[in-house]
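These are the residues of each chain, in order.
Number of protein chains: 2
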Amino acid sequence: MRETKRKANTTTLGDKGTPETGGSLLTGVSLPAAAIFEAPLAHNLAWMQRFAASHGAYLAPHGKTTMTPALFQRQLEAGAWGITLATAPQCRAAFAAGVQRLLMANQLIGEANMAIVAGLIEAGAEVYCVVDSTANVEALGRHFAAAGQTLNVLVELGVPGGRTGCRTLEQVLGVAHSVAAQPALRMAGMEGYEGVVHGTDPVPAIRDYAAQLIACAQRLDQDGLLAVEAPIITASGSAWYDLIAEAFDAAELRGRFVPVLRPGCYVVHDHGLYREAQRGVLTRRPDLHEGLLPALEVFAQVQSLPEPGLAIIALGKRDIGFDQLPEPLRRYREGGNAKDLLSVAGWKVTKLMDQHAFIALPEGAGDVRIGDIVAFGASHPCLTFDKWRQLCLVNEGLDVVEQMQTSF
Amino acid sequence: MRETKRKANTTTLGDKGTPETGGSLLTGVSLPAAAIFEAPLAHNLAWMQRFAASHGAYLAPHGKTTMTPALFQRQLEAGAWGITLATAPQCRAAFAAGVQRLLMANQLIGEANMAIVAGLIEAGAEVYCVVDSTANVEALGRHFAAAGQTLNVLVELGVPGGRTGCRTLEQVLGVAHSVAAQPALRMAGMEGYEGVVHGTDPVPAIRDYAAQLIACAQRLDQDGLLAVEAPIITASGSAWYDLIAEAFDAAELRGRFVPVLRPGCYVVHDHGLYREAQRGVLTRRPDLHEGLLPALEVFAQVQSLPEPGLAIIALGKRDIGFDQLPEPLRRYREGGNAKDLLSVAGWKVTKLMDQHAFIALPEGAGDVRIGDIVAFGASHPCLTFDKWRQLCLVNEGLDVVEQMQTSF
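Heads up: the protein sequence lines correspond to chains P and A, in order. Quick note: the first sequence, position 106, residue 106 per UniProt numbering, numbers continuous. Quick note: the second sequence, position 153, residue 153 per UniProt numbering, numbers continuous.
For the record, the hints were derived by calculation from the structure and aren't laboratory data. C-beta atoms are modelled at their ideal positions from N, C-alpha and C, and glycine is treated no differently. Among the hints, a few may not be true.
[Claimed, not checked] Facing chain P, from chain A, some residues (calculated, C-beta under 10 Å):
hint	residue
1	Ile109
2	Gly174
3	Ser178
4	Leu310
5	Gly316
6	Ile373
7	Leu383
The whole structure should be built from the sequences, with the hints applied where relevant.
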């Protein structure tokens, strides 16, 4: 990697991935830097795999969240069936990182993107993408016939007023018949995404949507439109995966279908949107006991203390997701020990600029110094990962144990 | 560059930077992709250089906007005095790309960041950074003394209720005296940023701020606190550069000081915040005639047309800045010609997700197809550049003439 790419870190890694320099409390690391904690990461990897398995489902974690091959590898090692991606270049990056089974949860559009996918199939990848229109089916049919290949497709079921996907069973059947008319396409199942279902109480609406998705898959099967031995049925983001898993489980699909869940954010969880969503999951499912744990934080330093009650942090929109303003979690003195925590009680981020965060300090904030290191939580993780070319995997003592490259 | 890094483009460039494959209308380019248009880029480079020169000022464009070495090179070739950066890793990236004179418009904090800057000085870079506190001055003094180096510093003047920087002349003098007490630091001038001045009519407040900045610089000079032959006075972002340039010009600083302007966004301008800001500049300064031109667009394709009046575009928060929702500018049919424009009249982005944009289509939107290519404008450019590892430089016919790597 070129020197100019190394945004996060000045530590040089030795052959075995251990820092040559550095040490506890991110010593030697240029801050701001994004860090993933080993223990909650391992917990989350195992937790979601166990959750899927306990519902008779497979896991294809959405890789767009992290685009971090070292995490894809850990997800596969934990038992994932494949990796879900959003775009053709993301599929290419995942395949280059060793992922063989790629579920592209979007319609594949554009000749250049089709060429990327054709290249992956040529190289041995098992690729699935989704379709929601006969026009796209015809374009794919032409492209992959010309390439002498067969592309696996899943028909997408959407929701009225939602995002992509067929709105009705009739449309699903229409698209499936158009797939059947294309020798270069193989009808491999049904795909949906419940995250775009809205309403004051989304739970019954999501259950209805899951039932509709299952009914569509079963109808395709009855009509002989499924062209593979083990067709796929897949849905679920990171907020309502329990409802989807329960619906797939209760419908006893497994004898005929491969039920696949696709949460992405679970792997590092978060301190906002998904923390909130998890409260819903654990309220619905008290049997799950302890849920996911937040594993991703961004560390930054106090840059200026220009007037009483105001700290400016060297942390900005360039460094952290900002669906919600970042949350100060802990503070350390630079050069100190990771166990010596300083207070951030009452600290509140009031504004985020490109490279600066404004913190309102409470009365009596005590001994705050320029250079103090503050750990921030954020929401949601996708928009934190994409700020970084590499992240630091750290242990509890904030030793960097591995640097993980991203492939955005 | 590794294959997995090549987000934007599948076109392979030959030795001369011309596409081996591809052709007009971004043929062969995986969309979405960010594109910079050659002609308005050249216009903007020359325009701002001419503007600075006509006010007797030098230009150190803020490099954080683009972090694109190929643009830094063009800015230097156009006559820039140096490049401004926000962080030590940004300085390192700019120096690695051949920029010798680096103005870091922030306080340098953290041992790891100081070590990066020390490395640049060791390698021959001319580095300036800003200080607003005696605590930071002492930390820098210790670090650079231990390194056996001298670091150039500028005292920062801020504004009450603003961001970083000293709030009063007394604080400025206090910091300057603390610099004088550090043998490893060299007092090289004054720095400010008028972009954080607020008020219902910011113009008089910014003029006052510029006057205060100049008065501080002159006072440092009178008190014999400036330790270089040609001390620097610098301010200006991309919205109010005219006011700063006029103030520097009117104060006839040039005999004694090096007046430096630091706009960054001008290089590609934008379709939102800075378009608006420019209206202000041109209203205040009708003599400037034609102003800056938007040069940066993101091209994406219609991914789904799931129901009447709704188009889903394969363009998301991962691809484009979203201070404001992106603006559809033009539409093309894939495989067609860049001159054959299709209508986007009445098209409106209503929502942006990570990888998808929702467009409300007007009644009678006509023949809209999956795969249609839509050019989007955005605001502001910093938060579009940082989504990309490379951007395409294109001509009017949308031929890719160069690929530009970013160094975030």
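Going down the list of hints, with the structure as the test:
1. Ile109: Result: holds, 5 Å to nearest chain P Cβ.
2. Gly174: 13 Å, violated
3. Ser178: Hint on Ser178 of chain A: violated, closest Cβ of chain P at ~13 Å, above 10 Å.
4. Leu310: 8 Å, holds
5. Gly316: 8 Å, holds
6. Ile373: 8 Å, holds
7. Leu383: 6 Å, holds
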